[in-house]
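Here the protein sequences come in this chain order: A and B.
Counting with this note's numbering, you get residues 555 to 804 for the letters of the first sequence.
Counting with this note's numbering, you get residues 5 to 378 for the letters of the second sequence.
The following label-pair restraints were derived from C-beta to C-beta distances: (1) Leu-741/A - Ile-175/B: 51 to 59 Å; (2) Gly-587/A - Leu-143/B: 37 to 45 Å; (3) Pro-759/A - Ala-344/B: 25 to 33 Å; (4) Gln-101/B - Lys-667/A: 56 to 64 Å; (5) Leu-373/B - Arg-574/A: 46 to 54 Å; (6) Asn-349/B - Arg-574/A: 16 to 24 Å; (7) Gly-587/A - Asn-349/B: 38 to 46 Å.
Cross-link-like lysine to aspartate or glutamate pairs, in silico, DMTMM-like; alpha carbons within 20 Å at most: (8) Lys-667/A - Asp-631/A; (9) Lys-255/B - Asp-638/A; (10) Lys-776/A - Asp-566/A; (11) Lys-255/B - Asp-137/B; (12) Lys-57/B - Asp-31/B; (13) Lys-788/A - Glu-800/A; (14) Lys-255/B - Glu-141/B; (15) Lys-255/B - Asp-629/A; (16) Lys-255/B - Asp-631/A; (17) Lys-667/A - Asp-715/A; (18) Lys-57/B - Glu-91/B; (19) Lys-255/B - Glu-634/A.
Counterexamples of contact, computed for chain A against chain B with all Cβ distances above 10 Å: (20) Gly-579; (21) Leu-680; (22) Gln-781; (23) Ser-790; (24) Pro-793; (25) Ala-797.
Note that these hints are calculated values from the structure, not bench results.
Idealized CB from N, CA, C, for every residue including glycine.
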Amino acid sequence: MDQARPHVEVRDLTMAFGSRVVQQGIRFQIRRGEVFVIMGDSGCGKSTLMRHMIGLNRPAEGEVLYDGEPLFATDADSRERLMDRFGVLYQNAALWSSMTLEENVSLPLAERKHLGPSEARDVARLKLALVGLAGFESHYPAEISGGMRKRAGLARAMALDPEILYFDEPSAGLDPLSSRRLDDLILELRESSGTTIVLVTHELPSIFELGDNAVFLDAERKTMIAQGRPEELKLSDEPKVRAFLERGRL
Amino acid sequence: MSARLEVARDGPDAVRVRLSGRWTLADGLPSAESVERELVAAPPGVRLVFEPKGLERWDSALVSFVFSATRLAAARGAAVDTSALPEGARRLLQLSQAVPARVLPHPPKDDALTARVGDVALRAWHTAFDALDFLGETLLALGSLLRGRARFRRVDLMHALESAGVGALGIVALINLLIGAVLAFVGAVQLQQFGASIYVANLVAIGITRELGALMTGIVMAGRTGASFAAVLGTMTVNEEVDAFRTMGLKPVEFLVLPRVLATSLMLPALVAYADLLGVLGGTFVGVALLDLGAVEYLRTTQSSLELRHVVIGLVKSVAFGVVVALTGCYYGLRCGRSAAAVGNAATRAVVMGIVLVVVVDAVFTVLLHLLHL
Numbered sequence: 555m556d557q558a559r560p561h562v563e564v565r566d567l568t569m570a571f572g573s574r575v576v577q578q579g580i581r582f583q584i585r586r587g588e589v590f591v592i593m594g595d596s597g598c599g600k601s602t603l604m605r606h607m608i609g610l611n612r613p614a615e616g617e618v619l620y621d622g623e624p625l626f627a628t629d630a631d632s633r634e635r636l637m638d639r640f641g642v643l644y645q646n647a648a649l650w651s652s653m654t655l656e657e658n659v660s661l662p663l664a665e666r667k668h669l670g671p672s673e674a675r676d677v678a679r680l681k682l683a684l685v686g687l688a689g690f691e692s693h694y695p696a697e698i699s700g701g702m703r704k705r706a707g708l709a710r711a712m713a714l715d716p717e718i719l720y721f722d723e724p725s726a727g728l729d730p731l732s733s734r735r736l737d738d739l740i741l742e743l744r745e746s747s748g749t750t751i752v753l754v755t756h757e758l759p760s761i762f763e764l765g766d767n768a769v770f771l772d773a774e775r776k777t778m779i780a781q782g783r784p785e786e787l788k789l790s791d792e793p794k795v796r797a798f799l800e801r802g803r804l
Numbered sequence: 005m006s007a008r009l010e011v012a013r014d015g016p017d018a019v020r021v022r023l024s025g026r027w028t029l030a031d032g033l034p035s036a037e038s039v040e041r042e043l044v045a046a047p048p049g050v051r052l053v054f055e056p057k058g059l060e061r062w063d064s065a066l067v068s069f070v071f072s073a074t075r076l077a078a079a080r081g082a083a084v085d086t087s088a089l090p091e092g093a094r095r096l097l098q099l100s101q102a103v104p105a106r107v108l109p110h111p112p113k114d115d116a117l118t119a120r121v122g123d124v125a126l127r128a129w130h131t132a133f134d135a136l137d138f139l140g141e142t143l144l145a146l147g148s149l150l151r152g153r154a155r156f157r158r159v160d161l162m163h164a165l166e167s168a169g170v171g172a173l174g175i176v177a178l179i180n181l182l183i184g185a186v187l188a189f190v191g192a193v194q195l196q197q198f199g200a201s202i203y204v205a206n207l208v209a210i211g212i213t214r215e216l217g218a219l220m221t222g223i224v225m226a227g228r229t230g231a232s233f234a235a236v237l238g239t240m241t242v243n244e245e246v247d248a249f250r251t252m253g254l255k256p257v258e259f260l261v262l263p264r265v266l267a268t269s270l271m272l273p274a275l276v277a278y279a280d281l282l283g284v285l286g287g288t289f290v291g292v293a294l295l296d297l298g299a300v301e302y303l304r305t306t307q308s309s310l311e312l313r314h315v316v317i318g319l320v321k322s323v324a325f326g327v328v329v330a331l332t333g334c335y336y337g338l339r340c341g342r343s344a345a346a347v348g349n350a351a352t353r354a355v356v357m358g359i360v361l362v363v364v365v366d367a368v369f370t371v372l373l374h375l376l377h378l
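Looking at chain A on its own, in the form it has when it is part of the complex (with noise of 0.2 Å):
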C-alpha cells in the first residue's frame, strides 16, 4: 500500500442544493489511520460533507477520492466496491428498526460478504460483543437506550471490517459518560485495527482527545477556514475558530 498517497482526499468540492451553495472549495487530505475531525458551528454543512464523502450525496463541483480512486467520476460497481470500505454511524444510529440487533449487524454479511446464517450470526455477536452489547442480540432498537443504539450502530458499521469509519456526531444526545464510553471504543477500535476514523463533531472534548487533524467549516463564508490539529488551532489566525476551541473564552 502506498503510505505517501493521501487515503482519503476531498478536492475542491462545492456542495449545493439547487441554486443554494452550502460550502464550496473545500479540499483536505487524510492520511492513513488518523483520526480526522470535521468541525463547524451549527448549520455549516458537516454532515452535508458527510454525505457527500460517502457519496449519498453528489457534489455540484469537486471530486472525493479514494486511494487515488474517484468516488463520483466512475460507474456505479466500482462506486459500489469503494464504499465497500468505509462503515457509517449515523447520528441517530439508523438502525433498521424491524430487525433485531443482531439481524442489523448480520444482515450486511449475509448480503456483501455471502456468509451463511450462522456463520453471520457469529461475527454479527462478535461485533456486537465488541462494543458491549453481549446478551441484546434478540433486543429490538426500540427496546434499548440511546447510547447503546449508538454502539449497536456502531457494531453494524464495523461489520464489514472497514477501512474507514464515518461518525456523524457520535455524542449527540448521550450523557457525558457514555460519551466517554463511545470515545474509548474509537480509540481502541483505531489502535486496534488501524482504521481511518472521519469524526463529525462539535463536542470539544472529543475533538480535543481523539483528533489528530482536523478542519473548520465556516456557516457564514460557506468555506473551509481552518486546518491542522487541534491544539495548533487554537492559536490559529481565525478568532472564530480559536472561539471555537475556547469554548468563547478568549
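Position chain B against the provided structure of chain A, taking the given hints into account.
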C-alpha cells in the same frame, strides 16, 4: 392596578416614559405607539428615559415593551436610558440586544404568473423523470428477482403480506358489502319500473365482479396500505435507515420496495375475490328484502348471469391496482423530506396519487377491453 403608561416630553432633549402598576402578561401589554408619537414629534438627539415609579410587578411584558420602545428609539437615533429599570429587566434587555439582529437573505422569488407556471411545469417534469427512474429501478429489481438474484428478507415479505392482506379484510368487507347493497338498491328502483326486478341480480353480479369490487378495493388499499407504506418508508428516510442501506451496499428498492410490491399484487386478487363475494352478498340482502325475490331465485340468476371472464377481468385489474398502490406508496416514502411534516405530506401524496392512478388504470382497462370485445 394593571399596567399604566405615561409618555411626556421633558424639555427639548428628553422623552420620559413613566411605568407604574403591574406590568405582567396576565394584565395585558400596552402598545409602544405613544412612545413612537413622542419620538417623531421630538427634535433629533432626544433621549428616551424610562422611569419605573410605582411599578408593582413585572415580567416579560415590561421587557417586551421596553425592547420595542428601544428599537423605535434606535431607528430614530435617540439614546435610551434604562438605568432606573429593575436590575433583572435591564439584564434581560442586555441579553436580548447581545446579538445584533441579522437579516438572512432569502433567495429571490419571482411571483409572476409565468414564473409560477414555469416552476410548476419544471417540477412536474422533474417528478415525471424521477418516477420513471424509480420505475426502472424497480423493474430491474423485479428482473433480478425472476433470475433468482434479488435480495430481500423473507420475513419482510411475510409482514407485508399480512399487512396488505389479512389486515385489510375488515374494511374491504364492509365497503364492498355496502357497495353491493347500494348498487342493488339503485338498480332496483329503476328496474322495478319496467317489471325487470330480477335483473338486479345480473347488475350486481357483473357490476361488482367486473368493475366495482376491484375498483373499490383498489381505492381502499390506496388509502390504507399505500399511506402505510409511504409513512413507514418516509420515517425510515427521516431516521437515515434508508441511507444506511445504501452505505452498506444494499439496494433499498430490493429490500424495501420489492416485498411490498409483491405482497400487494399477490394479496389484491385474493382481497378482490373476497370483495366480490361480499358485494354479491350485499346485493342479495337488498334483493331479498326489497324486491320480494327468493334468495335461491336471486342466487340462481346471479349464477346464470355471471361469466368467468367478468371475474377474471376484475382479478387481472386488481393485480395492476396492487402494483400501482405499492409503487406509489413506496415512491413517496423513499422521496420523503427530512422532517415529521414531510412524512405526513408523503402519506397524503401517496393516497391522492394512488387513488388517481387506480382510477386511470381502470379507465385504460375499460377502453382496452372494449376494443378487444371482452
